[in-house]
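**Q** Residue numbers (our numbering), protein chains in the order written: chain A, 1 to 233; chain B, 234 to 638; chain C, 639 to 893.
Read the hints as simulated data drawn from the structure, not as lab findings. Predicted model, so just to flag it, every value in this text is computed and none were measured. Do not rely on the hints blindly, as some may be mistaken.
Said to hold, decoys possible - Simulated pairs of lysine-lysine, DSS-like, Cα-Cα distance not exceeding 30 Å:
1. C:734 to B:447
2. A:151 to A:65
3. B:451 to C:658
4. A:138 to A:151
5. B:447 to C:740
6. A:223 to C:740
7. A:149 to C:734
Said to hold, decoys possible - Restraint ranges, calculated between C-beta atoms of paired labels, are given here:
8. A:223 to C:755: 37 to 43 Å
9. C:754 to B:437: 29 to 35 Å
10. B:245 to C:892: 49 to 55 Å
11. A:11 to C:849: 16 to 22 Å
12. C:849 to A:29: 44 to 50 Å
13. A:71 to C:837: 31 to 37 Å
We put the beta carbon where it would ideally sit given N, CA and C, even for glycine.
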Amino acid sequence: MKEYNDHIVSSFDEDISSIRRSIIKMATLCEEQYKLLYHIVDTGSASTVEDVLKNEPILDQCDEKIRDQVITFITLRSPMAVDLREGLAALKISTDLERLGDYCKNVSLRIQALEEIPAAKVKSEILRMIVMVQGQLKKVIDAYVSKNKDKSIEVRNDDALIDKLYQSVYEQIIEEIRHKPNKLKTLMNTKLLFTIKTIERAGDHITNIAEEVYYATVGETIKTPRPKGEIEQ
Amino acid sequence: MNNILSRNNAEKRFKVYGVLAVSTAIILLGILLFKIFSTGISAFNQSYIGVKIEINNSINSSEIDPRTELRQQLRNMFPELTTRAEKRTLYSLFSSGATYEFEDLLKTNEGKTINDYYYFLASDDVDMYVKGTVKREGDSAGRLMSDQLKILDQFEEQNLVELHINKYLLAGADSREPEMAGIKGAIYGTFYAILIAFITSFPLGVLTAIYLEKLAKKNRISDIIETNINNLAAVPSIVFGLLGLAIFLNFFNLPRSAPLVGGLTLGLMTLPTIVIAARSAIKSVPPSIEEAAIGLGSSKVQTIFNFTLPLAMPGILTGTIIGIAQAIGETAPLLMIGMVAFVVDIPGGPMDPATALPVQIYLWADSPERAFVERTSAAIMVLLIFLFLLNITAVYLRKKLEKKW
Amino acid sequence: MSVEELKVSIKNLNVFYGEKQALFGINLNIYANEVTSLIGPSGCGKSTLIKCINRMNDLVDICRYNGQIMIDGEDINDSSTDPVSLRTRIGMVFQKPNPFPKSLYDNVAYGPRLHGMTNSKEDLDELVITSLQKAGLFNEVKDRLFEPGTGLSGGQQQRLCIARALAVNPEIILMDEPCSALDPIATAKIEELIEELKEKYTIVIVTHSMQQAARVSNRTAYMHMGELIESGLTKTIFSNPEHIKTQDYITGRIG
Numbered sequence: 001m002k003e004y005n006d007h008i009v010s011s012f013d014e015d016i017s018s019i020r021r022s023i024i025k026m027a028t029l030c031e032e033q034y035k036l037l038y039h040i041v042d043t044g045s046a047s048t049v050e051d052v053l054k055n056e057p058i059l060d061q062c063d064e065k066i067r068d069q070v071i072t073f074i075t076l077r078s079p080m081a082v083d084l085r086e087g088l089a090a091l092k093i094s095t096d097l098e099r100l101g102d103y104c105k106n107v108s109l110r111i112q113a114l115e116e117i118p119a120a121k122v123k124s125e126i127l128r129m130i131v132m133v134q135g136q137l138k139k140v141i142d143a144y145v146s147k148n149k150d151k152s153i154e155v156r157n158d159d160a161l162i163d164k165l166y167q168s169v170y171e172q173i174i175e176e177i178r179h180k181p182n183k184l185k186t187l188m189n190t191k192l193l194f195t196i197k198t199i200e201r202a203g204d205h206i207t208n209i210a211e212e213v214y215y216a217t218v219g220e221t222i223k224t225p226r227p228k229g230e231i232e233q
Numbered sequence: 234m235n236n237i238l239s240r241n242n243a244e245k246r247f248k249v250y251g252v253l254a255v256s257t258a259i260i261l262l263g264i265l266l267f268k269i270f271s272t273g274i275s276a277f278n279q280s281y282i283g284v285k286i287e288i289n290n291s292i293n294s295s296e297i298d299p300r301t302e303l304r305q306q307l308r309n310m311f312p313e314l315t316t317r318a319e320k321r322t323l324y325s326l327f328s329s330g331a332t333y334e335f336e337d338l339l340k341t342n343e344g345k346t347i348n349d350y351y352y353f354l355a356s357d358d359v360d361m362y363v364k365g366t367v368k369r370e371g372d373s374a375g376r377l378m379s380d381q382l383k384i385l386d387q388f389e390e391q392n393l394v395e396l397h398i399n400k401y402l403l404a405g406a407d408s409r410e411p412e413m414a415g416i417k418g419a420i421y422g423t424f425y426a427i428l429i430a431f432i433t434s435f436p437l438g439v440l441t442a443i444y445l446e447k448l449a450k451k452n453r454i455s456d457i458i459e460t461n462i463n464n465l466a467a468v469p470s471i472v473f474g475l476l477g478l479a480i481f482l483n484f485f486n487l488p489r490s491a492p493l494v495g496g497l498t499l500g501l502m503t504l505p506t507i508v509i510a511a512r513s514a515i516k517s518v519p520p521s522i523e524e525a526a527i528g529l530g531s532s533k534v535q536t537i538f539n540f541t542l543p544l545a546m547p548g549i550l551t552g553t554i555i556g557i558a559q560a561i562g563e564t565a566p567l568l569m570i571g572m573v574a575f576v577v578d579i580p581g582g583p584m585d586p587a588t589a590l591p592v593q594i595y596l597w598a599d600s601p602e603r604a605f606v607e608r609t610s611a612a613i614m615v616l617l618i619f620l621f622l623l624n625i626t627a628v629y630l631r632k633k634l635e636k637k638w
Numbered sequence: 639m640s641v642e643e644l645k646v647s648i649k650n651l652n653v654f655y656g657e658k659q660a661l662f663g664i665n666l667n668i669y670a671n672e673v674t675s676l677i678g679p680s681g682c683g684k685s686t687l688i689k690c691i692n693r694m695n696d697l698v699d700i701c702r703y704n705g706q707i708m709i710d711g712e713d714i715n716d717s718s719t720d721p722v723s724l725r726t727r728i729g730m731v732f733q734k735p736n737p738f739p740k741s742l743y744d745n746v747a748y749g750p751r752l753h754g755m756t757n758s759k760e761d762l763d764e765l766v767i768t769s770l771q772k773a774g775l776f777n778e779v780k781d782r783l784f785e786p787g788t789g790l791s792g793g794q795q796q797r798l799c800i801a802r803a804l805a806v807n808p809e810i811i812l813m814d815e816p817c818s819a820l821d822p823i824a825t826a827k828i829e830e831l832i833e834e835l836k837e838k839y840t841i842v843i844v845t846h847s848m849q850q851a852a853r854v855s856n857r858t859a860y861m862h863m864g865e866l867i868e869s870g871l872t873k874t875i876f877s878n879p880e881h882i883k884t885q886d887y888i889t890g891r892i893g
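Next comes chain A alone, as it looks inside the complex (with noise of 0.2 Å):
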C-alpha cells in the first residue's frame, strides 16, 4: 500500500475517511444482503425474503448519503489527482453496490416466486455461484480497505470464474428443459435462466468496483482487457 503523509488539513484526511467508512458501511450491509440470499437459495425461507426486502431501503440511503458526502468533498476541498480520484471511486462504487443490492433483491423475489423447486444439481450450481460472488465480495471490499491494487486484479481475474460456472449452470437448465418438457418445470427452469444470469451480472458489477479500485490506487486504468469466460450459444 503507498504511504501518503497526511494532510496538512487534517479534516481534509477526516472528510476521506469519512466517505471510505460510508463505502466499507455500505458494503458490509451488501455481504449480508449476499449472505441472507444464499439462505434463501437454500431453504426457500420467507421470513428471509422478508429481510432482504426490509434491508433494500438502507442501501438506497447509502448510495445517496455517498453521493452526497463526496459533492460536498469535491466542492469544498478542490481535491487533485489522488484525492480527487478516491472522491470519484467511492461515487462509482456506491452505485455499483447500489446494483449488487438490487440485484439480490431481484434474486430473491424471483427465486420466492418459482412454481417448483429446482433440481437438486442446478440448484447446487446456483449455491455454488453466489458463494463465489460473496468471495469476490469479501476480496474486493480487503482490496478496497487496503489499497491493494494487486488484489483487484486478482478479482478481475477471477470474474472468469463466475463467467464459466454460470456458462456450465446454463447449460445445464438448458438441458432440463429439453429433457423434461413439462410445463411448469419448463416455466420455472426459464425463470431460473434469468436468475443466474442476474447472479452472473453482480459479478461483473464487482469486477467494476475492483477496477475502480485499482484505478483510485494507481491512477490508471487496467491496461489488459478483462478476461472472459466463453460467451453463451
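Fit chains B and C to the supplied structure of chain A, relying on the hints for placement.
**A** Here is chains B and C on its own, set in the frame of chain A:
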C-alpha cells in the same frame, strides 16, 4: 484594573509634558520674536527736521554748493544764532546726508524757485531722542547736549520734527552714520553668495547622491565615502571658512570679500547636507516603479532621470532649501574669507567686494552708536523674513510636486 | 497537430545570491504560444527563475549564475547580448500593479517612445489604443486616457501594466503572480486575457494558486527549494503527477 489606571495616568502625564514642552518653546520663540520686532520696528522710521527753504532766484544747481546753501538757509531760520559754536550746534542736529538730500532737492527744482518747508535727515542722536530710545536727563539726552536740545525744542515747538519712512535702511548701502546705514549692499551680497552656493552645491550634490545610491558598487570604498560625507555635515562651519581661505583666496587668488568666494565656500558647506537629503529621497522611491521601467527596456540612467529623480524631487528640494537656509545664516565662514569688510558700494556682480546679511548684523551689533541697536534688530527681521519666505517656498514646492505621486 | 516550437530553453541553471545557492541545476523548456506556469511553495525560486529569463537579476549586485538560457536558440547570457534590448523582447508584469505616476496614455506610450518605435503622433496614438484594446482595457478608459494611471482600480491597473508591456511588442510575457493583489472578478478578467494573449505571445506565469495554474496554463513546472521537481502537461501534473513531492504539494500534503 490597577494596570489600566496607571497606564491612563501615565498617558495623561505624557500628554501634559508634551503640551508643556511645546508651550515653552512657543513662549520662548514668542519672546524672542517680540523683542526683535519691537526693537527693530522703529528702525523703519527716521527723524526728519523741517527747514524753510527760500530761494527766489531760478535755481542753477551746478552753481550752488549744497552744503553752504543749506547752512545758509538754516541760519536764515535762526538769525539769533551768531557765534560759530552756536552755528555748529545748529548744523550738528542734521545728518551729513542732509546735504545730499538738499542737492537732490535743487536738482529736482532746476530752474524754479522754492519757498517752502522741506524735511531733511536728522542726526542719529536726534533720532534716538525723538524716538524715545534715549531719555532726557536733566539738560542732556544721550549725546545731545543742552544747547543742542534747546534748538531742537524750538524746532519741535514749530512742529517741524517728524518721523518719515527710513528709505536708507533698505535702499542704501552701509555707512558709518547710522541714520544713513542700509542693508541693500548686504542683501545683494547675500543674494549673490547664495546663488553661487546653490549653483555649485545643487547639481553636484544631486548627481553625487544619484551616483552613490544607484550606480556605485556597494563595497568598502562606498561605505567609507558614505561615512565621510555624513561626518562632513557635522564639521563646524568655520572650518569651511578656513578651507575657502586656503583654496579660493590663497591658491586660486580670487578677489577677497567677493560673493563668488563666499558662495563657493557656502556651497561646499551645503554640499553634504544636499547629498544626504538627496540620498534619503532617492532611497525612498519605491523600487517597483524602477523595476517596471527596466522591464520595459530602460537603461539604468534612463530610469534614473525619467522616474527616480522626478519622484525624489520633493525630498531633494526640501533638503536643499534647508541647507540653503542654513547657509544664509552662516557668519563664521564668511568672516574667514573676508566678507566682513566695510563696503559702501552696492556690489554690481559676484566679483565685487560685498558683505552678507549675517555679517552686517554682526558688524552693526558691534558698533558703538546707539542707533545701530535698532538697526541690528531691523536687519535680523529682514533676515528672518527671508528665511520664512524660503521655508514657505519649500512647503509650496513640496506640495506641488507631491501631487504627481 | 500543432508543432511544438521551443521558445526558451533553460539548461543546468544555477543561481547564487552571494554564498547562498537559490537555484540548483534547472532544466526547463518553454514552448511558443503556450502558457507555462511555475508553481511551488514560497521561497522555492520561482521568481528568481523567471527573472533570469529577462536578466532582471543583473540588477542585484550579489546575484551570480551559470548555465545556459537560450531564447530562439540564442544564448542570452552571451557577452554580445544587450540586456536592454533583450528586455524589449520580453515583457514583465509584476505582483503589485505598478503604473507610472503619469497619465494612462503616457504609461503605455513610454516604451514605444523610449525605443523610438513610432514615427508620428498618429502612429503612437494608434499603438497606444491597440495595446489598450489587446489588454481589454480600452473600452473602460477611452474617455480618460490623460488621467493619471494611479486613479484606476487594482484590476484595471494591472491590465494597464499588461498594455504597457504589450506596447513594445514583446515575444514573451513574464508574469510574476499577477493576480495575487486582485479580487476574483478582476482575476478572472486577467485569466481571460491570458487565454487570448497566448495566441500571439509566449507566456510564463508564476502563481501561488494551483487552481489558477490549472485553469490557465498548458504546461506546469513544480519547484521546491530551488529545484525543478517535475514539469509537464498541466492536466497530467494535476491529475496524476509522477513525483510524490509534486503530488504532496498539489494535494496539500507537505509536512
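**Q** Taking the hints in turn, state whether each one holds.
**A** Evaluation of the provided hints:
no., hint, result
1, C:734 to B:447, "holds (23 Å)"
2, A:151 to A:65, "holds (27 Å)"
3, B:451 to C:658, "holds (18 Å)"
4, A:138 to A:151, "holds (11 Å)"
5, B:447 to C:740, "holds (23 Å)"
6, A:223 to C:740, "violated (62 Å)"
7, A:149 to C:734, "violated (48 Å)"
8, A:223 to C:755: 37 to 43 Å, "violated (56 Å)"
9, C:754 to B:437: 29 to 35 Å, "holds (32 Å)"
10, B:245 to C:892: 49 to 55 Å, "holds (52 Å)"
11, A:11 to C:849: 16 to 22 Å, "holds (19 Å)"
12, C:849 to A:29: 44 to 50 Å, "violated (37 Å)"
13, A:71 to C:837: 31 to 37 Å, "holds (36 Å)"
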